[in-house]
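Participant: Chain by chain, the residues run as shown.
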Amino acid sequence: MPSIKDYKTPIDINWCPSCGNFGIWKAFVDAAVQEGWNNRNTVLAAGIGCHGHIVNFVKLTSFEGLHGRALPLAAGIKMSNHELNVLVFTGDGDLLAEGGNHFIHAARRNQDITVILHDNAVYGLTTGQTSPTSPKGYRSKSTPQGNPEEPINPLRLALASGATFLARSYAGDAKMTAEMIVRANRHKGFAVVQALQPCVVFNKVYTHAFYRENIYRLGEDYCRTDKSAAFEKTMEWGEKKIPVGIFYEVREPTYEEQLPQIKEIPLIKQLLKRDISKLMNKYI
Amino acid sequence: MGLFKHKQKNNKKIDQIKPVFTFKIGGEAGYGIMSAGLTFSKIACRSGYYVFDYTEYPSIIRGGHNVMQTTFSKEVVRSQSRQTNFLVALNQNTVDLHKGELIDGAGLLYDADQGIDVKGVPAGVELFAVPINRLAREVGGSEIMRNTAALGATMGLLGGELSHLRDLITAEFGAKKPEVVEKNHATGQAGYDFVVKNYQAKIKPVLPPTGQAKKLLVISGNEAAALGAIAAGMQFASIYPMTPTSGILHALAPLQEQFGFIYKQPEDEIAAINMAIGASYAGARAMTATSGGGFCLMTEGYGLAGITETPLVIVEGMRGSPSTGLPTWTEQGDLKFVLHAHQGEFPKIILAAGDVEEVFELIGKAFNLADIYQTPVVLLVDKHICESHQSVPPFAWADYQVERGQLLSGQVDNYARYEITPDGISPRALPGQGNHFVANSDEHDTTGYSNEEAEVRQAQMDKRMKKLETCAQADMEAPKLYGPKEAEITLVSWGSNKGAILDALKNFSNVNFLHITWISPFPTAAVRKVLKKAKHIVNLECNYSGQMAALIREKTGLEIKDNLLKYDGRPIYPEEIVEKIKSIKLSN
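Chains as they are written, first to last, in the working numbering: chain A, 1 to 284; chain B, 1001 to 1588.
Because the hints were derived from the structure by calculation, they are not lab data. Treat each hint with caution, since some may be false.
What the hints assert, rightly or not - Heads up, simulated BS3-like pairs for lysine-lysine below, C-alpha to C-alpha not over 27 Å straight-line:
1) Lys1535(B) x Lys1580(B)
2) Lys1074(B) x Lys1119(B)
3) Lys1580(B) x Lys1099(B)
4) Lys1566(B) x Lys1555(B)
5) Lys1074(B) x Lys1215(B)
6) Lys1099(B) x Lys1177(B)
7) Lys1215(B) x Lys278(A)
8) Lys263(A) x Lys273(A)
9) Lys1176(B) x Lys1202(B)
10) Lys1580(B) x Lys1561(B)
11) Lys1506(B) x Lys1582(B)
12) Lys1215(B) x Lys282(A)
13) Lys282(A) x Lys1177(B)
14) Lys1336(B) x Lys278(A)
15) Lys1485(B) x Lys1580(B)
16) Lys175(A) x Lys141(A)
17) Lys1074(B) x Lys282(A)
18) Lys282(A) x Lys1532(B)
19) Lys1585(B) x Lys282(A)
20) Lys1535(B) x Lys1074(B)
21) Lys1533(B) x Lys1466(B)
22) Lys1480(B) x Lys1566(B)
23) Lys278(A) x Lys1506(B)
24) Lys1480(B) x Lys278(A)
25) Lys1099(B) x Lys1202(B)
26) Lys1215(B) x Lys273(A)
27) Lys1336(B) x Lys1580(B)
28) Lys1197(B) x Lys1215(B)
29) Lys1506(B) x Lys1466(B)
It should be emphasised that the depicted structure is a prediction, and the values quoted were computed from it without experimental measurement.
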């Protein structure tokens, strides 16, 4: 079993003090230790935003791609070598603004990929503009009159698009977040963990105190396989009414399971030398 | 109708490039014109002739005007012809739009029962009224078989072998639909019998079997790209449909299980290139294909592959642009675009194919170059190559060697993905091998960790750009010079104009032709050497501004003053080149 120091890199962590990313980072490393993720079995993809810096702070092979494009990158990795455990780090701007189209299609594709959404409901790296999950009326550098748009509910969007595992956690609770990441990763299919993450510099609404005050854990009586119940649950958001835990979990065939050409061995292990002599007959 | 007029600007009589014969069939979109045209091309090829076909169609599914022409000859033919020797008109539009192309002594086959008006057809044209639809209906049971009736009649009038048509019908419908095969055979026979009975005296046997039929493929650039990619060991292709390169995905998709690759239809071109980059990063030989508009969406990914040093093959099939432009017509307007389509600088290899054989050869090369230099390689083609079929010898696939460059096979000590090396190429690990590294869109150090220090940035930039120099020394090829070494006139061009130029050159002994296939790195010395001693240079391109001439000037300092530029969506015809050459007043 690996230990936390196996994931240490020589790079100093440069997130702001008290940033919610620390909780997600700790949760991720704990999950990695617990599950034995290493450079032989796991690969990470990330987009651009504060979240994306994580590739520098975890010693696992990774690809920090373009803003909004971590999902198609991960899709290509998974199709190419589906034996690899693929996790994606993304942010609310990355996943839901720049990469919104990819999110919808990745959800319906149901590849066996785990998505960790660092959702701080603000643009941190570009110093404080409104994001797709910022609340209506939210005042920021880009919405000084208050955000006139409805926020996107990422779990509801993923559910509507075909995702087969949905969970939410609060980044300040690393234990719960690690548990959600592990559960999502063990799920076969497209799994999303929305980590509610305070931006201590730019988001004065969704603070650590706000989340501590208002989240509650979904109870044992909640049925995780009922899609209608999950829809209803994703709509809850208010004082003392922010559910965390697993919203939805069903087993459907993954994209990879449906491709006969990779049933036996992954794509990258297949023969490169091909005989096209018979193929050419079609053109005579 | 007005939208799809394609009247020739110049109706004056010009010499046809000899010795070729051009068959053309036209009708409403949805009539299966392309399929009938391709059948004719294959018949001509199986009869022992070389063929080149060319199709014109609007960007709609039904109702527009479609034509396909096949030019064939006992000699190698590489281009379309402006004049038509035999026209099959399935509707009035075909007569109205193409009667001006009919040469003296040409034939016009049309359906007399459809009320097609042939007034205004030049007096020297032989008219063949054949009840095409009626024969299809009465013999085949459906007017859908009108093309078969028309092709049967064509075989009769051109002295062709009906058995080739029968064989192709059998191959198309196969054992699964014996009744369809039978009905089509009978309909083709009925068309044939009708003309033999009614026009016996007017049969011109231009398509008899030569007795020297070679085993040639009749294949388009798109199909050659697909076959070339498969032969090169391509394992992953993500291609969003877009004219004129959709034919690549159509050829690939049915073969993925048989050959062990994945074709993925992505949600957009941004996903297409990022998926291909992800697949390549994980170890697959990966490609994407698109046209200029799709490539606009790929440009950020193009740079991502550059800075992360991820091998990638991109086929860019140019069409009339900008924006939606002329979706189904040809152009060469993206040369400078693929050279500069990204922010900042990275080493990119750009190759431009001139015909289907070069497409096959260069796509194989592109996969090797991408792996060796760990950078994107663009294969630039145009609609005229993508969708025209050409008769070519079977591809020499067996000679192909997969070269994966400095790809590691397992864990190594002290691994550094972006290690500074003299040739700029660093050992490449794959995820899952145990080597830790980061592929990073941010500037990075040798492991891949984000790094903004001046020395690190400069070292990584130098390393990446060095790869282009290495490539120029180790792999870049000089452009081919066709024709005599010494000539009065030197033509310069790139892409699909090659075919028309080589066909035009058959008429001259004092003209040579420099065809450029390496765009980046650019064979500056070789191009300068040829052009420096050229007496009169003409640059030919299908774009407005003469992009290759500008590139040549940038690289060599030589300015080409005489340009034949065409940007009306049509390819350059060999007749236009002959005219151009004849119009040049040589100073000596």
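Participant: Are the hints correct? Go through all of them and say.
Facilitator: Quick rundown of the hints versus the structure:
At roughly 16 Å between alpha-carbon atoms, Lys1535(B) and Lys1580(B) fall within 27 Å of each other, so this suggested pair holds. Between Lys1074(B) and Lys1119(B) the CA atoms are separated by roughly 34 Å; this puts the pair beyond 27 Å, and the hint is violated. Proximity of Lys1580(B) to Lys1099(B) is assessed by CA-CA distance (about 25 Å); at most 27 Å being required, the pair is judged to hold. Note on Lys1566(B) and Lys1555(B): the hinted pairing holds, with a Cα-Cα distance of about 23 Å set against a maximum of 27 Å.
Distance restraint check for Lys1074(B) and Lys1215(B): the Cα-Cα separation of roughly 14 Å lies within the 27 Å cut-off, and the hinted pair is therefore satisfied. About 38 Å separates the Cα atoms of Lys1099(B) and Lys1177(B), which puts this hinted pair outside 27 Å; it is violated. With a C-alpha separation of about 13 Å, the suggested pair Lys1215(B) and Lys278(A) falls inside the 27 Å cut-off, and the hint holds. A hinted pair counts as satisfied when its Cα atoms are at most 27 Å apart, and Lys263(A) with Lys273(A) qualifies at roughly 20 Å.
Restraint check for Lys1176(B) and Lys1202(B): not satisfied, since their Cα atoms lie roughly 39 Å apart, outside the 27 Å limit. Under the criterion of a C-alpha separation no larger than 27 Å, the hint pairing Lys1580(B) with Lys1561(B) is consistent with the structure, at around 14 Å. With a CA separation close to 13 Å, the supplied pair Lys1506(B) and Lys1582(B) stays within the 27 Å bound. For the suggested pair Lys1215(B) and Lys282(A), the alpha carbons sit about 12 Å apart, so the restraint of at most 27 Å is met.
At roughly 18 Å between alpha-carbon atoms, Lys282(A) and Lys1177(B) fall within 27 Å of each other, so this suggested pair holds. The suggested pairing of Lys1336(B) with Lys278(A) is violated, with an alpha-carbon distance near 39 Å, which exceeds 27 Å. Between Lys1485(B) and Lys1580(B), the direct Cα distance comes to roughly 21 Å. Compliance with the 27 Å bound is thereby established for this hinted pair. Only pairs whose Cα atoms come within 27 Å are accepted, and Lys175(A) paired with Lys141(A) is rejected, the gap being roughly 34 Å.
Using a Cα cut-off of 27 Å, the hinted pair Lys1074(B) and Lys282(A) holds, with the two alpha carbons roughly 23 Å apart. Between Lys282(A) and Lys1532(B) the CA atoms are separated by roughly 46 Å; this puts the pair beyond 27 Å, and the hint is violated. Note on Lys1585(B) and Lys282(A): the hinted pairing is violated, with a Cα-Cα distance of about 48 Å set against a maximum of 27 Å. Of the pairs offered as hints, the one joining Lys1535(B) and Lys1074(B) is violated, with about 33 Å between alpha carbons and a cut-off of 27 Å exceeded.
For the hint pairing Lys1533(B) with Lys1466(B), the CA-to-CA distance comes to about 31 Å; that exceeds 27 Å, so the pair is violated. A hinted pair counts as satisfied when its Cα atoms are at most 27 Å apart, and Lys1480(B) with Lys1566(B) qualifies at roughly 23 Å. Pair hint Lys278(A) plus Lys1506(B) does not hold up; C-alpha atoms about 35 Å apart against a cutoff of 27 Å. Proposed proximity of Lys1480(B) and Lys278(A) is contradicted: the alpha carbons are some 31 Å apart, above 27 Å.
Our distance criterion of 27 Å between C-alpha atoms is met by Lys1099(B) and Lys1202(B), whose separation comes to about 19 Å. As the CA atoms of Lys1215(B) and Lys273(A) are separated by approximately 24 Å, the hinted pair is consistent with the 27 Å bound. With a CA separation close to 26 Å, the supplied pair Lys1336(B) and Lys1580(B) stays within the 27 Å bound. Straight-line distance between C-alpha atoms of Lys1197(B) and Lys1215(B) comes to about 33 Å, which puts the hinted pair past the 27 Å bound.
A C-alpha spacing of about 42 Å is found between Lys1506(B) and Lys1466(B), which places the hinted pair above 27 Å, so the restraint is violated.
Against the hints set out earlier in the document, violations occur for numbers 2, 6, 9, 14, 16, 18, 19, 20, 21, 23, 24, 28 and 29.
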